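K.L.:
Those protein sequences? They're chains U and L, same order as listed.
Per this note's numbering, residue 1 is the first one in the first sequence, and the count goes up by one each step.
Per this note's numbering, residue 1 is the first one in the second sequence, and the count goes up by one each step.
It should be emphasised that the hints constitute simulated quantities derived from the structure, not laboratory data.
As the structure is a prediction and not an experimental result, all values here were calculated from the model.
Keep in mind that the hints are not guaranteed to be accurate.
Stated by the list, open to error - DSS-like cross-link-like pairs, simulated, lysine-lysine; straight-line CA separation at most 30 Å:
hint, chain 1, residue 1, chain 2, residue 2
1, U, LYS97, L, LYS107
2, L, LYS124, U, LYS31
3, L, LYS107, L, LYS48
4, L, LYS107, U, LYS31
Unchecked claim - Chain L is faced by these chain U residues, among others (derived, beta-carbon under 7 Å):
hint, residue
5, ARG33
6, GLY34
7, GLU52
8, LEU56
9, GLY59
10, GLU60
11, VAL95
The beta-carbon is built from N, C-alpha and C at its ideal position, and this holds for glycine as well.
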Amino acid sequence: MRLKYALIFLSLLLSLQGCIYIPTPQHALLKGRGMIELEDTQALQVGVTTREAVLLQFGEPDATLNQQTIFVYHWTRVQGYFAVGAGYTGYGGPVGKTTLLMFEFDSQNLLKRFEYIPEGIFNSTMEAAMKWASRGESLR
Amino acid sequence: MTFFLSGCLETVNSHIYFSERLTESYMRSRWLPPLETGIDTRDQIVKKLGQPSGTFENGRIYSYRLIINEWKEGLSDNMYSGYANAYHLQSEILEVVAARRLEQIEKDGFLLVVTDENMEKHEKEVILSMGEFHLVLVFNIDGVLTRDSLIRIRP
Chain U
1 MRLKYALIFL SLLLSLQGCI YIPTPQHALL KGRGMIELED TQALQVGVTT
51 REAVLLQFGE PDATLNQQTI FVYHWTRVQG YFAVGAGYTG YGGPVGKTTL
101 LMFEFDSQNL LKRFEYIPEG IFNSTMEAAM KWASRGESLR
Chain L
1 MTFFLSGCLE TVNSHIYFSE RLTESYMRSR WLPPLETGID TRDQIVKKLG
51 QPSGTFENGR IYSYRLIINE WKEGLSDNMY SGYANAYHLQ SEILEVVAAR
101 RLEQIEKDGF LLVVTDENME KHEKEVILSM GEFHLVLVFN IDGVLTRDSL
151 IRIRP
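Given only the sequences and the hints, what does the whole structure look like? Please build it.
P.N.:
Right, dumping it as structure tokens:
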């Protein structure tokens, strides 16, 4: 597995000689819903906050899992810009960072846990969400 | 001409420009039908707004994904590409272009409830819409509206 990543890295190194990446603080929304700020989740209380309250505050989730016991909200914001040049041509654009906010509710419709998680480099949004959901199952 | 005028025309951040204008109060007063808490039933809500985008807790809670669609005839692929470049790849746009879009909404716009059924048909309009709101409605055991919340999802 390590050899695979080393080969990918090496081939990128050789092929992207004219590549530049400029990191920036996260800013404009690139995809999905507007970001849910940390301060917007501070009033939430595990075992007290209801599913209804979460819906009234944040709206319809982008996805649900396990018979709506898990809500997934996600958004992608710009965290840098890249440019690739070769000869007289070039291409550039923003680089996004996807964040998920996950909620799990119990059988009484009360908040069981919630967490911000990054999407990760090698998995999709739904893969990250399902991984988080399965982590809860293993805790039971 | 454009080159010479480029120093004179004011550019704006499209996200800020639209978020300042597409507010919850604007959405309620201009686009939403009146919702009467304690009076409206589930059926009356469906008559006013159509089928919800999502339902929760066995229909006790309805959610509506709302956009204002300004393209009555839909969007061609060319139009979509043009708008996508203007509004998503460049955060700075000409104020006059943004203002024209808002005028277009006032003239031809209509409220669209986005559901799983119509998402494919309206996908381009949804992606390029200036804003998206979610309306969440809670009903009591008799199916009467008890709480509602309008949330701006973007910009």
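K.L.:
Does each hint hold? Answer for all of them.
P.N.:
Now the hints, each set against the structure:
{"no.": "1", "hint": "LYS97(U) - LYS107(L)", "result": "violated (37 Å)"}
{"no.": "2", "hint": "LYS124(L) - LYS31(U)", "result": "holds (13 Å)"}
{"no.": "3", "hint": "LYS107(L) - LYS48(L)", "result": "holds (21 Å)"}
{"no.": "4", "hint": "LYS107(L) - LYS31(U)", "result": "holds (28 Å)"}
{"no.": "5", "hint": "ARG33", "result": "holds (5 Å)"}
{"no.": "6", "hint": "GLY34", "result": "holds (5 Å)"}
{"no.": "7", "hint": "GLU52", "result": "holds (6 Å)"}
{"no.": "8", "hint": "LEU56", "result": "holds (4 Å)"}
{"no.": "9", "hint": "GLY59", "result": "holds (3 Å)"}
{"no.": "10", "hint": "GLU60", "result": "holds (4 Å)"}
{"no.": "11", "hint": "VAL95", "result": "violated (13 Å)"}
Hint compliance for this structure: hints 1, 11 are broken, all remaining hints hold.
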